[in-house]
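Visitor: Now for the letters of each chain:
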Amino acid sequence: MATTKQLSLVEVARALGVDYRGDGSCLLSGIAPLSSAGPGQLSFLANRKYAAALASSEASAVILPPSLADDFQGYCLFSDDPYLMFARASALFDPLERPRAGIHPSAVVMSDDIHPSASIGANCVVETGAVIGEGTVLAPGTVVGADSRIGCNCYLHANVTLYHGVVLGDEVNIHSGTVIGGDGFGFAPSADGWVKIHQLGGVRIGNRVEIGANCCIDRGALDDTVIEDGVIMDDQIMIAHNVVVGAGTAMAGCCQVAGSAVIGKRCTLAGNVGVVGHITICDGVHVTARTMVTRSIKVPGSYSSGTPMMDSGQWRKSAARFSKLDELHRRVVALERQVKNQQQEDG
Amino acid sequence: MATTKQLSLVEVARALGVDYRGDGSCLLSGIAPLSSAGPGQLSFLANRKYAAALASSEASAVILPPSLADDFQGYCLFSDDPYLMFARASALFDPLERPRAGIHPSAVVMSDDIHPSASIGANCVVETGAVIGEGTVLAPGTVVGADSRIGCNCYLHANVTLYHGVVLGDEVNIHSGTVIGGDGFGFAPSADGWVKIHQLGGVRIGNRVEIGANCCIDRGALDDTVIEDGVIMDDQIMIAHNVVVGAGTAMAGCCQVAGSAVIGKRCTLAGNVGVVGHITICDGVHVTARTMVTRSIKVPGSYSSGTPMMDSGQWRKSAARFSKLDELHRRVVALERQVKNQQQEDG
Amino acid sequence: MATTKQLSLVEVARALGVDYRGDGSCLLSGIAPLSSAGPGQLSFLANRKYAAALASSEASAVILPPSLADDFQGYCLFSDDPYLMFARASALFDPLERPRAGIHPSAVVMSDDIHPSASIGANCVVETGAVIGEGTVLAPGTVVGADSRIGCNCYLHANVTLYHGVVLGDEVNIHSGTVIGGDGFGFAPSADGWVKIHQLGGVRIGNRVEIGANCCIDRGALDDTVIEDGVIMDDQIMIAHNVVVGAGTAMAGCCQVAGSAVIGKRCTLAGNVGVVGHITICDGVHVTARTMVTRSIKVPGSYSSGTPMMDSGQWRKSAARFSKLDELHRRVVALERQVKNQQQEDG
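From first to last, the protein sequence lines are chains A, B and C. Counting with this note's numbering, you get residues 1 to 347 for the letters of the first sequence. Counting with this note's numbering, you get residues 1 to 347 for the letters of the second sequence. Counting with this note's numbering, you get residues 1 to 347 for the letters of the third sequence.
Worth double-checking, as some hints may not be accurate.
Treat identical chains as interchangeable: a pair holds within one or across any two.
[What the hints assert, rightly or not] With a straight-line cut-off of 16 angstroms between C-alpha atoms, the simulated EDC-like cross-links for lysine to aspartate or glutamate are: (1) Lys5 / Asp192; (2) Lys5 / Asp94; (3) Lys196 / Glu171; (4) Lys196 / Asp229; (5) Lys324 / Asp311; (6) Lys298 / Asp283; (7) Lys298 / Asp311; (8) Lys340 / Asp170; (9) Lys49 / Asp71; (10) Lys49 / Asp81; (11) Lys196 / Asp94; (12) Lys196 / Asp81; (13) Lys265 / Asp283; (14) Lys324 / Asp224.
If you are wondering where the hints come from, they were derived from the structure by calculation, not from laboratory data.
Work out the full structure, taking the sequences as your base and the hints as a guide.
Guide: What follows is the structure, given as C-alpha cells:
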C-alpha cells in the first residue's frame, strides 16, 4: 500500500551521507521543486543558475552546494552534486513498498525454485524450471516462462511477460506490459510463402537494468540478444533479435533497434531514435531525437537526421524543392560554369 | 456476449432526438455506408458532396439533412449534422454489452471500496485502497494498483495496468495493454552509473477521456502527469512524466510526448507526431503526421516536418544533396556576388 | 518445459526431404552460424559468397548446395536453398514444446466450444461464445473476447488480448502483449466535444499469419479490418481500423498504418514505415525504413523518404537551409535569368 513517508532532516542526511545545517529533528514528508515546495518539504538546487530561487523558496530544507549556504535561510543538506543527492533522496520518500514475501494463493507456480524472500503476486504464472531470486518481486499478472532465471532484488511490475529461457541479473526493474523473449523476426522466403525461422537463442540482461513499460526485447535467432549492466530504457522501446546494448547506455522512449545492431557503452539515444540492423555504434555516442542511424558510427560525438518543424504551408514548399534537390544542384553547377566562362571571356 | 441489436426507426429517431419520415416500426439491425448498406440497415450522408449516392442506396433508412429529403426514396432521419447523429446511432447498435455488476470469483480484490454496481472481471486484481466507482467495468486481467481511484462509468478493457496513485475521472475508456502510472524516465548520472530518481508524482486523468490500446502514460517525477477532460488518444501513444494534455485535444496513433511538454486545448496531433520535452504548444494547433515538434508553438495553425516520399533511387540523390545543402547555399551566394560584380563591370 | 533437442543426421535429412552425406546416426543438438558452430551442431551456408568459411567450420554437419560438397570436409545436407532448409530445421530444434491439451484449472472459460486438443493456459479467460480450434494453444494470461473464433493450430502467447468478434484462421501465431480488436479511432466533433463512433466492425485474420509482440490491430468502424493469409508482422505494429493487408506481405517492427489504407500482396515494409490513411499500395512494393507513405503507390518498386544521418553540427546547417529551400530555388532561378541576360548582352 502507498503511504506518505516522513523522515527527519538528520535521517535524510545520514541516508545520503552528507552534512546538514538546522534542526535535525525537523520532519520532511516529500520532495518538491524550489518554486513550489512548501513547509515540510525537501527541495534541491539542480543547477547553480537557479540559485536566485533559493531566497524565496518555502522549502523546509534544500540540498545545495556548501558555497551557496548563505543564499538560503532555511535548513540545508550539503552536496556538490545536489541532483544526484535528490535522486538518492527520492528513494527514501517513495511510498511504494515492496509487497510481502511469499506466493499469493491465486498465483500459479509450476517451478520449485522460488526464493522464500521473493514475492509472487496475485494471478502471476511461473512456469517449470524458472528461478526467482532473493527479494525479487513479481507484481500481479506477470508471467515467467519455463527455465527463465531472474536474479535478486528485481521488480517485475504488473502484466510483464517473460518467455522461456530469459536470464535477468540482479536489481533489474521491468515495467508493465513489457515482453522479453518474444520471437525475433526471421523468415525465409519460399514458393509457398514465408517459412518461420524458429528463434533458438535467448535474452540475457545484466545487473541494475531498468526497462520501461510496453517494451519488446526479442530473443535471438541462434545466439542471444544481450542488454549489458546498467542500461536504462524508457517506455515502448523495441530491441530486435541479436542486438547488443552496451553497459551504461541510456535510451529514451520509443527507440527502435533492428536486428544484430551493436550499440556501444555509455551511449545516449534520445526519444524515438531508430537504428538499422547489422551496424555498430561505438562507445560514447549521442544521437538526437528521431534520428535514424543508417550506418555504423566509429567516432564518438553527436549525430542527427530529419528536418526542422515549420508552418505547414512553408514546409510544403521546402518539401517540394527537396524532391528536386539534385536538379537544383546541377543547375548551380551549370551556372558556375557559365559564370566562369563569362569571366574568362571578359578577362 | 455480443449479439446483433435491432431497433425500430422510431426508436432510433427518439434516441437521437430527431424527426423522421417513413414507417416508424421498420426494424433496423445495423449501420453501413451508403454504397454497401442493404435492406434492414441504417446509413448516413457524411458529406453533402456524396448526395448522388442517395438515389441508388439500398439502405432502409438514411440520416440526412432535411434539404436533401427528396434525393432519397426510402425512410429518413433528419439532421443538419448526419455524421454526429451517426456517431450517436453507433452506440445504439454496439453489440458489446456491459457485463453484469459484481466481482468475478477469480478476481483478487484487496480493496473494500468497490461500488456494488461496478463489474470486476475474471482474474482482475484490485489492490488495497483502490476505489472503483459506480457502473465502472474492469474487463478480465486488468490490474489496479494501491490507492488508485477510478470514477463512474469507466471501462477498462482486458489486461490494462494502472499503477498505484492513479486518478481517473468519470466515463474514461482505456483499451487493452495500456499502462498508466509507470515510472517516468528520470536518472541522475554518477560515477557508479545511473541513479534512479524515484517518481513520486502520480497521473490525473479527467472525465470523458478515451485512451487506445498499448499506450503508456507515465507518473510524474514530483508533480502529476495530467490528461484533461475530453481528450481522445489512439493506440500506442507514449506520454512521458509531467506532461499536460489540454482539454479536448485529439492524438492519433503512436504520438510520443516527451517529459514536461505542455499541449494546449483542442489541438489535433496526427499519427506519430513527436513532441520534445519542456516545450509548450498553445491551444488550437494542428500538427501533421510524423512531424517532430522541436520548439514551443505560440501561434495556432498547422505545423509540419519531414520530406516527401519518392522513388528510392531519386530519394538517394536528394538525400545526398541534403547533406551538402549548406555548401550549395554558399555556392549560390558566391555566384550572386560574381554575377553582380560582372554586371557592375559591364555597366 | 524447454529442453535441448537431439536429432540424428538422417532424421534431419528425412524431415527436410533432402539427401545427405556422412554417418546418418551422428547426433545434432542445435544450429549455429558457420563461424561459431562446434561439434554436435548443424550449420548452413546462407550465401554462396561465404563459401570460404566452410573449410574452417567445426560444425558436425552443414546444409549446402551439392556443387559445394567438396568445400566442406564434414557431413552434409544438400539443398539448393540452404537458408530455407535452415528455417525448416530450426523448427526441429525449437525447445519450446506445445503444452498439454486441456484447460488449466485456473483458467476461466465461459465458452463451451473449446476443442479437446486445445490447450488453455493458467489464468486465461475465454468469454461466452468464443471458439477455440483443434490444437490451438492459449498461453497464460491470454484473454479471448465473446464470440471470437480461433482456428486450428494457432499459438497465442502469454498476455495476448482478443476483443469480441475477432476471427483468426489456422496456424496463426500471436506474440505477447498484442491487442486485436480494440476500437478504431473514430469520433465526431460536436459542440460538447468528441462523440465516440462505436466501432461495429470486427477483425478478420487469415491463415499462417504471424503477429509480433505488443502490436495493435483495431476493429473496423462498420466493415472489418482484414489481414490476409501468410502476412508476417514484427513487434509494435499498429494497424488502424478498416485497413487491409494483402496476402504474403511482410512488415518489420514498429510499422504504423492509418485507417482504411489498403496494402497490396507481397509487399515488404521495412522498420517503422508509416502509411497515411485512405490510400492504396499496389502489390509488390518495397518501402525503406522510416519512410512515410503519403500517397497511393500504383507502380511496384522501392520508395523512401527522410534525410541521411549526419554529425549534429553539420546537420543543423543543412536543416536550417532546408527551411529556406524555396528561397534558394528562387535565387537560382534569378541567377539563371541574369546570366542568360548577360550572355545575350555579351553576344
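Visitor: State for each hint whether it applies.
Guide: Hints, verified against the model:
1. Proximity of Lys5 to Asp192 under the C-alpha cut-off of 16 angstroms is found in neither arrangement, the shortest distances being 63 angstroms within a copy and 27 angstroms between copies.
2. For a Cα distance limit of 16 angstroms, the shortest separation of Lys5 from Asp94 inside one copy, 7 angstroms, qualifies, whereas the shortest one across copies, 47 angstroms, does not.
3. Taking CA atoms no more than 16 angstroms apart as the test, Lys196 paired with Glu171 passes between copies only; the shortest distance there is 12 angstroms, against 35 angstroms inside one copy.
4. In this assembly of identical chains, the alpha carbons of Lys196 and Asp229 lie at most 16 angstroms apart only when taken from different copies (14 angstroms versus 32 angstroms within one copy).
5. For the identical chains of this complex, Lys324 and Asp311 are inter-copy neighbours only, at 12 angstroms across copies versus 21 angstroms inside a copy, given an alpha-carbon limit of 16 angstroms.
6. In this homomeric assembly, Lys298 and Asp283 come within 16 angstroms of each other (Cα to Cα) only inside a single copy, at 9 angstroms, whereas the closest approach across copies is 39 angstroms.
7. For a Cα distance limit of 16 angstroms, the shortest separation of Lys298 from Asp311 across copies, 12 angstroms, qualifies, whereas the shortest one inside one copy, 36 angstroms, does not.
8. Within a single copy, Lys340 and Asp170 get their C-alpha atoms no closer than 69 angstroms, and across copies no closer than 70 angstroms, so neither meets the 16 angstroms cut-off.
9. In the homo-oligomer, the alpha carbons of Lys49 and Asp71 lie at most 16 angstroms apart inside one protomer (13 angstroms), although the nearest pairing across protomers, at 69 angstroms, exceeds that limit.
10. In the homo-oligomer, the alpha carbons of Lys49 and Asp81 lie at most 16 angstroms apart inside one protomer (14 angstroms), although the nearest pairing across protomers, at 55 angstroms, exceeds that limit.
11. In the homo-oligomer, the alpha carbons of Lys196 and Asp94 lie at most 16 angstroms apart only across protomers (11 angstroms), although the nearest pairing inside one protomer, at 45 angstroms, exceeds that limit.
12. With identical chains, the CA atoms of Lys196 and Asp81 are at most 16 angstroms apart between copies only, with a shortest distance of 15 angstroms across copies and 52 angstroms within one.
13. For the homomeric pair Lys265 and Asp283, the shortest alpha-carbon distance inside one copy (5 angstroms) is at most 16 angstroms, but the shortest distance between copies (41 angstroms) is not.
14. Proximity of Lys324 and Asp224 under a CA criterion of 16 angstroms is satisfied in neither setting, with 44 angstroms inside one chain copy and 40 angstroms between copies.
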